[in-house]
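Asker: Residue numbers (our numbering), protein chains in the order written: chain S, 3 to 181; chain E, 24 to 380.
Do not take every clue at face value.
Said to hold, decoys possible - Each computed BS3-like pair below joins lysine-lysine, with the alpha-carbon atoms no more than 25 angstroms apart:
no., chain 1, residue 1, chain 2, residue 2
1, E, 180, E, 214
2, E, 70, S, 141
3, S, 180, S, 89
4, E, 214, S, 51
To be clear, the hints were calculated from the coordinates, so they are not data collected in a lab.
Keep in mind that this is a model prediction, so the values were computed, not measured.
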Amino acid sequence: MNAQPRFFAPLARLLHWLMALMIIAMLFIGAGMAASVSERHEWLIHLHKPLGIAILALVIVRLVVRFATRQPPLPVDLPLWQVLAAKASHLVLYALMLVLPLLGWAMISAAGDPVMLSSSVQLPALVAANAPLFAVLRKAHGFLAYLLFLTVLLHLAAALFHGLIRRDGVLQSMTGTKD
Amino acid sequence: MVDHARPPLSPAGLVLRLAGIGAVVALVAGAFAYVNGTLDPQRLRPKTLVNALETNNGVHPGFRRNHAKGVCVAGYFESSAQARAYSSAEVFSAAKTPVIGRFALPSGNPYAPDSSVPIRSFAVQFSQANGQQWRTGMNSMPVFPVGTPEAFYAMLKAGASAPATGKPNPAGMPAFFAAHPETAAFLTWVKTAKPSASYATETYNGINAFYLVGADGKRQAVRWEVVPQSQDAVGDTAPAGADFLEKDLVQRLAAGPLRWQLNMTLANPGDPLDDASKTWTGEHKVLNAGTLVLQTSQPQAQGDCRDINFDPLILPSGIEASNDPLLAARSAAYASSYLRRAGEVSALHSAPQESKP
Numbered sequence: 003m004n005a006q007p008r009f010f011a012p013l014a015r016l017l018h019w020l021m022a023l024m025i026i027a028m029l030f031i032g033a034g035m036a037a038s039v040s041e042r043h044e045w046l047i048h049l050h051k052p053l054g055i056a057i058l059a060l061v062i063v064r065l066v067v068r069f070a071t072r073q074p075p076l077p078v079d080l081p082l083w084q085v086l087a088a089k090a091s092h093l094v095l096y097a098l099m100l101v102l103p104l105l106g107w108a109m110i111s112a113a114g115d116p117v118m119l120s121s122s123v124q125l126p127a128l129v130a131a132n133a134p135l136f137a138v139l140r141k142a143h144g145f146l147a148y149l150l151f152l153t154v155l156l157h158l159a160a161a162l163f164h165g166l167i168r169r170d171g172v173l174q175s176m177t178g179t180k181d
Numbered sequence: 024m025v026d027h028a029r030p031p032l033s034p035a036g037l038v039l040r041l042a043g044i045g046a047v048v049a050l051v052a053g054a055f056a057y058v059n060g061t062l063d064p065q066r067l068r069p070k071t072l073v074n075a076l077e078t079n080n081g082v083h084p085g086f087r088r089n090h091a092k093g094v095c096v097a098g099y100f101e102s103s104a105q106a107r108a109y110s111s112a113e114v115f116s117a118a119k120t121p122v123i124g125r126f127a128l129p130s131g132n133p134y135a136p137d138s139s140v141p142i143r144s145f146a147v148q149f150s151q152a153n154g155q156q157w158r159t160g161m162n163s164m165p166v167f168p169v170g171t172p173e174a175f176y177a178m179l180k181a182g183a184s185a186p187a188t189g190k191p192n193p194a195g196m197p198a199f200f201a202a203h204p205e206t207a208a209f210l211t212w213v214k215t216a217k218p219s220a221s222y223a224t225e226t227y228n229g230i231n232a233f234y235l236v237g238a239d240g241k242r243q244a245v246r247w248e249v250v251p252q253s254q255d256a257v258g259d260t261a262p263a264g265a266d267f268l269e270k271d272l273v274q275r276l277a278a279g280p281l282r283w284q285l286n287m288t289l290a291n292p293g294d295p296l297d298d299a300s301k302t303w304t305g306e307h308k309v310l311n312a313g314t315l316v317l318q319t320s321q322p323q324a325q326g327d328c329r330d331i332n333f334d335p336l337i338l339p340s341g342i343e344a345s346n347d348p349l350l351a352a353r354s355a356a357y358a359s360s361y362l363r364r365a366g367e368v369s370a371l372h373s374a375p376q377e378s379k380p
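Kindly produce the complete structure, drawing on both the sequences and the hints.
Answerer: So this is what it looks like as structure tokens:
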């Protein structure tokens, strides 16, 4: 049997950091556009839609990479509750990365609006026009985006905890730095 | 994996590092709370505008928060050749494009008598065969009272009812108009405007400027309007009763289709493109872009227009927004209103459809 890897696969690390940037940008863009009536609202929405679809495409690639590569194990001395919290939070992160763009796409469809990624690139409707469904999907999109933001904060705090307090190599497994 | 050789942290070092982690998390959370408006309470948000509309008009579940009283119509648009050179939008190249529209009164009160305001509005959705849409919300006044969302909000506040009396402060609107000289063009128009007896006899103005974009990428700033064709002359006095507009429309449509000519007024150099409170004065080239033909109407509670958000920034390739700040504000506020009423559709069916005596 091969020795357990110390690092995530290079492609997995690349996807992680690229998507980290995209998702944090996306959360700020979403929160900003929902709270603005200025021209910002317009250009943020024009960023939000194509960026969301890019995240959806990347998370699918990322899930394939995740199942096709070996993950470095968590430290053996990590308390069980932290092991469970790590696994549960990763599951929530993956689920939300996948669900949020789909919800956004579906809610625009349910509103009966054309799903435009630019002035001429259009996606098909994911669901038929249905105003009450739109209301549910739109609220879920906002609520789950906040849940994603809180999970990202938790993930960030945990990563720094591993890197600065426990110094157990978990942060390095994703940064790829040897020390 | 675990580097047992690392020296343990001193208590001070541990506290310092924990504080550092806390600071990073707090910084990100704080930035987010600023961006979403929590730490920036003065910012005009979509919900601020819609809340102000609800304060002024009351909450009427299921209804639009503004232009609440209306009627759905349907028909088609027949393009002429004139706009084709200026815009690559399919609506101008296809012979016929189906439309769904909505006539309404500009108030958030769904029970306002039709004679209560001299303004009527007409919203249209053009559904192109290629799946793209063009939505526009037009009004019978030629200019908007104000040019910015901030001034619009101030206008709503000026017209708000005082909590003590339940009536708007009579000095509120005069004080607002005095403080906002940009309302002059609108006030001049409204002085002579009378509530029309029919939706069919009105000209409806897009008011905000947009760009027509040709296949060659050339941009031409325009304002558009629809002008009634061979409908009764303007000047009919409004009949008695509170709900005559919808009945008149149904009657006219039963006799035959109603037609409007879609005009595109091309901006001259120097015309304001970002200020809907200003008229474009002097000679202008006007394109006849085609004819809007309405054939049928439906009550709005179950009509096809009910679930359409007439967001003026839903535009097809070939039409682009100008930098008029009202456009983004309308788009943002309409989205907030739409979310509220979309969850209340069932309430619309139990709401009375006639004006309150």
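Asker: With a cut-off of 25 angstroms on the C-alpha distance, tell me whether residue 180 (chain E) and residue 214 (chain E) pass.
Answerer: holds (22 angstroms)
Asker: Quickly compare the C-alpha distance for residue 214 (chain E) and residue 51 (chain S) to 25 angstroms and report which way the hint goes.
Answerer: Measuring from Cα to Cα gives roughly 44 angstroms; hence the hint is violated.
Asker: Run the distance test for residue 70 (chain E) versus residue 141 (chain S): straight-line Cα separation, threshold 25 angstroms.
Answerer: It holds: about 14 angstroms lies between the C-alpha atoms, which stays within 25 angstroms.
Asker: Sort out whether residue 89 (chain S) lies within 25 angstroms of residue 180 (chain S), counting only the CA atoms.
Answerer: holds (24 angstroms)
Of the numbered hints listed earlier, the single one contradicted by the structure is hint 4.
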